[in-house]
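*Asks:* Sequence:
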Amino acid sequence: MHRRQFLFTLSGLTLGLATRAYAAPGNGKVTIMQFSDDGKPLGRATLAKVYKDAEWKKRLSPLAYEVTRQQGTERAFSQPGYNSHEPGLYRCICCDNALFDAKTKYDSHTGWPSFWQPIAAENVRENVDRSFGMRRIEVQCTLCDAHLGHVFDDGPKPTGLRYCINMVALRFIPYKK
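The numbers in the working numbering rise by one with no breaks, and the one at position 50 of the sequence shown is 50.
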């Protein structure tokens, strides 16, 4: 089965079948690049990992919690904004960490927002994901370990990467004109 066929098939599964258990993060600190809401870098900061499971259960929608905290997925083409190309910044829905700039977003025709690079390499973490009998690279928020989606090597230049991200894992902030 081709990757795209698999993703469309996967999107039709119930969310309960498309999840893995979430492991609580350690007590460590991480270094991220901070950004203002207009996309300007504010410098690196070393911060304590964020873990607020009880708050996230209350604050996030059931789907956003399922996706970000239990490695679920939203159905392709199901979330508003997946195909928007307005200038702006995408932050983590759980901890507000800056993740992607809309300048790197493109239409991958997959039904999920796709980016060719994160806003800063240190703001996302990649892990091997062996679920569903395949090997993929999971993308997580460095600050809070939120599951964001996966990265594939079939994207456009200049990186050749496709960060295929769940829209419910993101909060979009339009740039002021």
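Careful, some of the hints might be misleading.
[What the hints assert, rightly or not] List of simulated lysine-lysine pairs, DSS-like, C-alpha gap at most 27 Å:
{"id": "1", "residue 1": "Lys176", "residue 2": "Lys103"}
{"id": "2", "residue 1": "Lys57", "residue 2": "Lys103"}
{"id": "3", "residue 1": "Lys176", "residue 2": "Lys29"}
{"id": "4", "residue 1": "Lys103", "residue 2": "Lys177"}
{"id": "5", "residue 1": "Lys40", "residue 2": "Lys103"}
{"id": "6", "residue 1": "Lys177", "residue 2": "Lys52"}
{"id": "7", "residue 1": "Lys40", "residue 2": "Lys29"}
{"id": "8", "residue 1": "Lys58", "residue 2": "Lys103"}
{"id": "9", "residue 1": "Lys176", "residue 2": "Lys40"}
{"id": "10", "residue 1": "Lys40", "residue 2": "Lys58"}
{"id": "11", "residue 1": "Lys40", "residue 2": "Lys57"}
{"id": "12", "residue 1": "Lys52", "residue 2": "Lys29"}
[What the hints assert, rightly or not] What follows is a list of derived Cβ distance ranges for each label pair:
{"id": "13", "residue 1": "Ala121", "residue 2": "Tyr175", "range": "36 to 44 Å"}
{"id": "14", "residue 1": "Phe132", "residue 2": "Gly43", "range": "17 to 25 Å"}
{"id": "15", "residue 1": "Gln34", "residue 2": "Phe132", "range": "18 to 26 Å"}
{"id": "16", "residue 1": "Pro62", "residue 2": "Glu126", "range": "39 to 47 Å"}
{"id": "17", "residue 1": "Gln70", "residue 2": "Arg171", "range": "17 to 25 Å"}
{"id": "18", "residue 1": "Asp153", "residue 2": "Arg59", "range": "14 to 22 Å"}
{"id": "19", "residue 1": "Gln70", "residue 2": "Ala48", "range": "38 to 46 Å"}
{"id": "20", "residue 1": "Ser78", "residue 2": "Gly28", "range": "29 to 37 Å"}
{"id": "21", "residue 1": "His109", "residue 2": "Gly133", "range": "30 to 38 Å"}
{"id": "22", "residue 1": "Asp37", "residue 2": "Tyr106", "range": "28 to 36 Å"}
{"id": "23", "residue 1": "Leu47", "residue 2": "Glu126", "range": "13 to 21 Å"}
{"id": "24", "residue 1": "Tyr106", "residue 2": "Lys52", "range": "18 to 26 Å"}
To be clear, the hints were calculated from the coordinates, so they are not data collected in a lab.
Beta carbons: idealized from backbone N, C-alpha and C, even for Gly.
*Asks:* Evaluate each hint against the coordinates.
*Replies:* Outcome of the hint check:
For the given pair, lysine 176 sits about 14 Å from lysine 103 by alpha-carbon distance, which is consistent with the 27 Å threshold. For the given pair, lysine 57 sits about 31 Å from lysine 103 by alpha-carbon distance, which is inconsistent with the 27 Å threshold. A C-alpha spacing of about 32 Å is found between lysine 176 and lysine 29, which places the hinted pair above 27 Å, so the restraint is violated. Distance hint between lysine 103 and lysine 177 is fulfilled; the C-alpha atoms sit about 15 Å from each other, no more than 27 Å.
Taking the CA atoms of lysine 40 and lysine 103, the gap is near 13 Å; set against the 27 Å cutoff, the hint holds. In summary, the hint linking lysine 177 to lysine 52 is not supported, as the alpha carbons are separated by about 34 Å, beyond the 27 Å threshold. A distance of roughly 23 Å separates the Cα atoms of lysine 40 and lysine 29; the hinted pair therefore holds under the 27 Å criterion. Annotation: proposed proximity of lysine 58 to lysine 103 is violated, straight-line Cα distance about 32 Å (limit 27 Å).
Only pairs whose Cα atoms come within 27 Å are accepted, and lysine 176 paired with lysine 40 is accepted, the gap being roughly 12 Å. Proximity of lysine 40 to lysine 58 is assessed by CA-CA distance (about 31 Å); at most 27 Å being required, the pair is judged violated. The suggested pairing of lysine 40 with lysine 57 is violated, with an alpha-carbon distance near 31 Å, which exceeds 27 Å. Among the hinted pairs, lysine 52 with lysine 29 is consistent with the structure: their alpha-carbon atoms are about 15 Å apart, no more than 27 Å.
Judged by the Cβ atoms, the range 36 to 44 Å given for alanine 121 and tyrosine 175 is violated: they are separated by roughly 22 Å. Look at phenylalanine 132 against glycine 43: about 39 Å separates their beta carbons, and that is not inside 17 to 25 Å. In this structure the supplied range 18 to 26 Å is violated for glutamine 34 paired with phenylalanine 132, their Cβ-Cβ distance being about 35 Å. Roughly 26 Å separates the CB atoms of proline 62 and glutamate 126, a value that falls outside the hinted 39 to 47 Å.
For the pair glutamine 70 and arginine 171, the beta carbons lie near 19 Å from each other, so the given range of 17 to 25 Å is met. Roughly 34 Å separates the CB atoms of aspartate 153 and arginine 59, a value that falls outside the hinted 14 to 22 Å. Between glutamine 70 and alanine 48 the C-beta distance comes to about 23 Å, which lies outside the given range of 38 to 46 Å. Between serine 78 and glycine 28 the beta carbon distance is about 35 Å. The supplied range of 29 to 37 Å therefore holds.
A C-beta distance of roughly 25 Å is found between histidine 109 and glycine 133, which places it outside the suggested range of 30 to 38 Å. Remark: the range hint 28 to 36 Å for aspartate 37 to tyrosine 106 is contradicted by a beta-carbon distance near 22 Å. At roughly 20 Å, the beta carbons of leucine 47 and glutamate 126 sit within the given window of 13 to 21 Å. Distance hint check: the CB atoms of tyrosine 106 and lysine 52 are about 32 Å apart, inconsistent with the given range 18 to 26 Å.
Checked against the numbered hints given earlier, this structure breaks hints 2, 3, 6, 8, 10, 11, 13, 14, 15, 16, 18, 19, 21, 22 and 24; the rest are met.
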